[in-house]
Structure formats: C-alpha cells, structure tokens
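Q: Letter by letter, the chains look like this.
Number of protein chains: 2
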Amino acid sequence: MVRLHLRSPYGRDEIREILVECARLSGLRDAYAEVICTRGIPPAGSRDPRECENKFFAFVVPFVWIASPEKQERGLHATISGVQRIAQCSVDPTAKNYHWLDLTMGLYEAYERGGETAMLVDREGNVVEGPGFNVFVVRKGGVFTPDSGVLEGITRRTVMELASVLGIPLGWRAIPASEMRRAEEVFVTSTAGGIMPVTKVDGKAVGGGKPGPVTARLREAYWELHRDPRYATPVRYD
Amino acid sequence: MVRLHLRSPYGRDEIREILVECARLSGLRDAYAEVICTRGIPPAGSRDPRECENKFFAFVVPFVWIASPEKQERGLHATISGVQRIAQCSVDPTAKNYHWLDLTMGLYEAYERGGETAMLVDREGNVVEGPGFNVFVVRKGGVFTPDSGVLEGITRRTVMELASVLGIPLGWRAIPASEMRRAEEVFVTSTAGGIMPVTKVDGKAVGGGKPGPVTARLREAYWELHRDPRYATPVRYD
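Protein chains in written order, with our numbering: chain A, 501 to 738; chain B, 501 to 738.
Among the hints, erroneous ones may be present.
Pairs count within a copy or across copies, as identical chains cannot be separated in the list.
What the hints assert, rightly or not - Dumping the calculated EDC-like pairs for lysine to aspartate or glutamate here, alpha-carbon to alpha-carbon at most 20 Å:
(1) K571 with E612
(2) K571 with E661
(3) K704 with E679
(4) K555 with E534
(5) K571 with E616
(6) K596 with E534
(7) K571 with E551
(8) K640 with E553
(9) K571 with D548
(10) K571 with E720
(11) K704 with E684
(12) K571 with D702
These are calculated hints, taken from the structure and not from any lab test.
Note that the coordinates shown come from a computational prediction; the quantities given were computed from them, not determined experimentally.
Taking the hints into account, I'd like the entire structure generated from these sequences.
A: Laid out in structure tokens, this is it:
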C-alpha cells in the first residue's frame, strides 16, 4: 500500500478483526474474505491523486474458486499467453493490485485457444504468473517457481514452507515457456483455490495428463494446514 | 472497445446524441463530456470476463483542465519519469483506457521532484506520453511527436491538421528523453486543455523558459477551431 501511495485507516490487527467480524456476521462457513483499498476520487476539478481520500473496503462472500473443485480434480487447462505481463518497471507486481487489463486480455486469448486460464510471460519469454495465481513446475522431483516479476502470494509462500517440511527441494528461478510446456508436473496457487494442478498447457498433456504425485502431496498437506491453529484464525459464529 | 473485448450498446451517432443531450440537460456552457465503458461484474462465483455485462456511462461536468489557465499561460513544469509506461505488448495504448497505475505513480514521483506533471518513457528511454496527454517537441521550427506506444489522441490529431494548414513541418518519430530536455519548445495535448506549453522539464527551463512561438501559434489556431462548424457540434440549450 505504501508503495502505491495508498493509506489504510486500519492496521494489520484491526483488519484481521474486521474480516473475522465480517465472516461472523455473514454466517458463511466457507467464505472468501477480501480487503480492497481504492484511491478514491479527487475534489471536483482536481486531477491530483494526493487529494483523493482513499477508501477501505472489506467483505466476505461465499467462497469463490478460481477453478471448480471438479476441474481441480482433473487439472486445469492453461495456455501460455502472447500478452506480456506488465513489466516490473511500470507497475510493481509485488504490491497486490487489480490492474489486470493484461491478465484479462490473456484470459480472452486463452478462451479463444480452447484453454481455461492463462499464464503470462515476461519480455524474455519466461512464464511469470496468471490472473490471480502463481505458477510452479516440477522437474526431477524438485519444485520451481519464478523468483521475480510476480506477486509473492501467500499460498506461494505456504508451498515453500510445505516443501521444506516435506523435504521436497524447491528453487526460485526464471521458468522459460518451453520448460513449462514439457514439465513433469505444473500447478498454480491462489487464495481462491489453494494448490491447483494444471494437466494441459497449450493443449498438450502435462506429464501423464493427470495431476502428479508431488502436486497431490503438496495439495493434501495444504488443506491439512487449515486445521493447524498456526495457520487458522477461528471465527466464533453465534 | 473491440480490442478490449468491450461492447457498447450504442453506436457513434447515438453516443454523440447522448453527450449533446447531457450537455443540454446540465445547462453547462463549459462542459467536459465523457463516455466510459466498464467491464461490469460477472455473476456471483464466476471469474469469467465473458460473463460480465459491460456498462456504458456518459456524463458532463464543469470543464476540467489538466492544468489551470494560469499555469497554461506560464507553461507547465514536467518531469521525465523513472516509471516506464506500460508496454504495448502488455496493454494497447491506442485503445483509450484508465489503466493508469504507471501514470499515477509517475505523477507522485513528479510531485516529489518539484514537478507538476509527468512524462513517462518506454523501455528504450524515449518519452511517450503523460497522464492524459500526448507530447510534442519543437526543433528547428518543426514539430515532432512519438509515432508509437501512445494513445493517438484527438487533440494530437488536431495538431497534425493545424500544422499542415499553417505550413509547420510535422514528423512522427521516437523522442529520446535527452532531446525532450534540450528542445526549443515542448507542449502537450489533451481534450482537457487543448494545446498546453511546457516551460520546464526536469527543473530546467525549456527554450527561454516561456511558451514559444510555434506553440503559441498552434494554441491560438486550436481555440479558433472551436468556432469552426467542421470541428464543433452545436448544443441547443433551452
């Protein structure tokens, strides 16, 4: 937020309380919670963003999956997009934002090519991320994810922690599109779905065309974590 | 709109009628008219942009200047930004959009450096455009503006037409930041202000530090056009 010149009226602890209260009031047991800070609008006649009153929003809705549980079982079909992800020198991808015209255009392109979701590349042709998710490949039993040009997502971090606990080697480095197309396994991560296998890239089966064993192990461990008090915040419903 | 996968319920002629009617109803004699098309929101639970119902908005407000008439008389103070304009391979700049996080960050940087507005560069270090305006330099009596990586603005086009009528040589080509800093004259163009002189770039005076003669000639001719029926659409107020 500071990097985007946005001010939130609430700190970390207050935001946690607000979200817990939203979940409690909604009564939803499977809720998707979100906070958004907008720039707001400047006074009439002004175009100076410093004069905007930033707005804070928090809400919960019934859980929104990036991919339905059925699609997650069989694995997602992704295409590697011809649209380049907005470069880091233009918009900082590590500051979460919904400045998504590139990602949205990538989605339209994916649909036209028979895919269900898109992975965008950087100017060097390395896959970076997709609309709302980080990407991972499995190669020789090790897991790799891009080291830069991406949102450093919470679920991405959880995969790193799980890999460490499970003894799965994990590395951060550029992932050329060609490597993504011939990976043993591919998966994506998002708050809106957790760890989700990808079983087709650009129309071709990944590995055997079924979710692979490393992905399955991480995915199982991920959902287990929801019962771990270190990773969960309890909501006291009425 | 087609390039952004947006559908407007109205065609060109209908939009013109709507805007004229907005102006008439508002009673404003100096109005800023605008149409916006938004993607809209998808049905609950969906993240598919094809399922969004696009929304059309039209409004008029009291005229909004990018720079006040006083600042236009003395000339704007601009800084050449360290933020790169989002590249064409990520978002098409010729499809007008408000996907402006790069431009907004450039503005904050400009303010911090004592400027009033920002000009962003492409990855090669050529100046492309600013928040809501196209850029021009005057060199040896000729006028130059970037040929790519920019919105092909209406006022930019009007400058081309005026230059032709007035016998001022005009060229389209890349404008390195270094050339912008030592130009004889610099001006920017926008619907929200017309042709506006820039008299400081990165804190240094442009030319003599006052609006130059070529800019003044074009600016005068531009405002004259508002009385030309080929360029004006009459509004019949009650």
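Q: Taking the hints in turn, state whether each one holds.
A: Structure-based check of all given hints:
Proximity of K571 to E612 under the C-alpha cut-off of 20 Å is restricted to the intra-copy arrangement: shortest distance 19 Å within a copy versus 49 Å between copies. In this assembly of identical chains, K571 and E661 lie within 20 Å of each other by CA distance neither inside one copy nor across copies; the values are 25 Å within and 55 Å between. With identical chains, the CA atoms of K704 and E679 are at most 20 Å apart within one copy only, with a shortest distance of 13 Å there and 49 Å across copies. When the C-alpha separation of K555 and E534 is checked against a cutoff of 20 Å, the pair qualifies only within one copy, where the shortest distance is 14 Å, while the shortest distance between copies is 24 Å.
In the homo-oligomer, the alpha carbons of K571 and E616 lie at most 20 Å apart inside one protomer (10 Å), although the nearest pairing across protomers, at 51 Å, exceeds that limit. Taking CA atoms no more than 20 Å apart as the test, K596 paired with E534 passes inside one copy only; the shortest distance there is 12 Å, against 29 Å between copies. For the homomeric pair K571 and E551, the shortest alpha-carbon distance between copies (19 Å) is at most 20 Å, but the shortest distance inside one copy (45 Å) is not. For the homomeric pair K640 and E553, neither the shortest alpha-carbon distance inside one copy (51 Å) nor that between copies (45 Å) is at most 20 Å.
Taking CA atoms no more than 20 Å apart as the test, K571 paired with D548 passes between copies only; the shortest distance there is 15 Å, against 45 Å inside one copy. For a Cα distance limit of 20 Å, the shortest separation of K571 from E720 inside one copy, 16 Å, qualifies, whereas the shortest one across copies, 62 Å, does not. For a Cα distance limit of 20 Å, the shortest separation of K704 from E684 inside one copy, 12 Å, qualifies, whereas the shortest one across copies, 57 Å, does not. When the C-alpha separation of K571 and D702 is checked against a cutoff of 20 Å, the pair qualifies only within one copy, where the shortest distance is 17 Å, while the shortest distance between copies is 53 Å.
In summary, the structure is inconsistent with hints 2 and 8 from the numbered list given earlier, while agreeing with the others.
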